[in-house]
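What follows is the residue order along each chain.
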Amino acid sequence: MKRFFILLIVLLLAFSACERDDICIDETTPELIIKFLDATDTESAKAISNLKIKILDTEIDTLIRSGDSIFIPLRIDSDITQLSLTNQIDSQDIRTDTLSLSYERVESFVGRACGFRLIFNNLTLQSTSNWIQNSNTVNEPQNVDNEAAAHLTISH
Amino acid sequence: MLIMKRQLILLFLISLFTFKGDLLLAQQDASVNDTIIKNKYGLRVGVDLFNPIAAMIDDQRSGLELVADYRIGRKWFVAGELGYLENTTDLDNLNFTTEGQYIKVGADYNAYENWLDMENLIYVGARYGFSTFSQTLNSGILSTDAIFGEQAITAPQEFTGLNAHWIELVVGIKAELFNNLYLGFSFSGKRMITTKEPDNFRNLFVPGFNRVFLNNSGFGFNYTISYLIPLYKKAK
Chain A
195 MKRFFILLIV LLLAFSACER DDICIDETTP ELIIKFLDAT DTESAKAISN LKIKILDTEI
255 DTLIRSGDSI FIPLRIDSDI TQLSLTNQID SQDIRTDTLS LSYERVESFV GRACGFRLIF
315 NNLTLQSTSN WIQNSNTVNE PQNVDNEAAA HLTISH
Chain B
70 MLIMKRQLIL LFLISLFTFK GDLLLAQQDA SVNDTIIKNK YGLRVGVDLF NPIAAMIDDQ
130 RSGLELVADY RIGRKWFVAG ELGYLENTTD LDNLNFTTEG QYIKVGADYN AYENWLDMEN
190 LIYVGARYGF STFSQTLNSG ILSTDAIFGE QAITAPQEFT GLNAHWIELV VGIKAELFNN
250 LYLGFSFSGK RMITTKEPDN FRNLFVPGFN RVFLNNSGFG FNYTISYLIP LYKKAK
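Same order as they appear, the protein sequences are chains A and B.
Taking our numbering, the leading residue of the first sequence gets 195, the next gets one more, and so forth.
Taking our numbering, the leading residue of the second sequence gets 70, the next gets one more, and so forth.
This is chain A alone, in the form it adopts within the complex (with noise of 0.2 Å):
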């Protein structure tokens, strides 16, 4: 009888083998991912030197970005994203360019730990084109629901 018990204890710790679902480590709010190509060979990428990045509209301080690939946050509290992006083509050569994105703001549930997170339906956009060749969104229609793939690409 001693050994049944045993067993039946074992078991029903075995049963409520509870996992750590406390901590937030799964995927939040994706940020927007653009992505550099060359204007002459849009093939190839050509990376941007410290382009700063002004969110129009909010108190939120210049970014800077580099690389040929860049991450920037989208803003949570309006269906309207504009960004100045100011770029130094040589020591004398300073440009700005205004970036509009529009999107639909979407509540998603992850889970018990990190709640909802916003994902961002349908963005289109705009661009002046003082330094920008051309802007294009990477699918037609374009969601930003995840950081595996940019979403823009912009050639210059």
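Everything labelled a hint here was simulated from the structure, so no lab data went into it.
Even glycine gets a Cβ: it sits at the ideal position worked out from N, Cα and C.
Derived SDA-like pairs: lysine to any residue, alpha-carbon spacing no greater than 25 Å straight-line:
1) 246(A) to 216(B)
2) 144(B) to 236(B)
3) 265(B) to 220(A)
4) 246(A) to 214(B)
Chain A stretches covered by chain B per the calculated footprint, using a threshold of three residues with CB under 8 Å from any CB of chain B:
5) 261-274
6) 297-307
7) 310-324
Could you slot chain B onto chain A? The hints should help.
Structure of chain B alone, referenced to chain A:
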């Protein structure tokens, strides 16, 4: 062959004698009836004290659970629980209230060998549980980049018409305090079978199941006081 036949006849005669002897013994027993130990059979009903006590300490939880079991054999009982629970779960990013009722039915096996006519139980059992409930998402904060500060989710949101089915393994003790009054304690390990989930949310808490862990398992406690309504007695 002949020898075997004689032995068989001998065996038959002896058996007749011993059988007759038994009958005599039985007759003798009738006159000393009170040495045969009898067990009580009946319906035991009670109430869980864990929820009312928890409700006094934690005003986020309120509910009532009735328990019952019925003896169907020397060691076997048919058992069940019926309850109602309202519970608010307060997490870092979420605050929601679950409200509903549940029923659990199953059987218990008393693995304890009582001395004399004592009626205590140390049992193991199984239950099938079913609950209908609703969830209300009271408030929450979006998980986003720290530079934006906190932003609340769209709330409140109500999700009705939810249900869940599960199985449990139970281990417990029931001790007879005094005449037919029992105090019991049990622990259960639960596993969800199927559940109707809300849209864009999840059943993180189910009445009767309690917190639903990531792998759909759960556990629970039960602290009961119950009374055995004796119906008949049967020899042990």
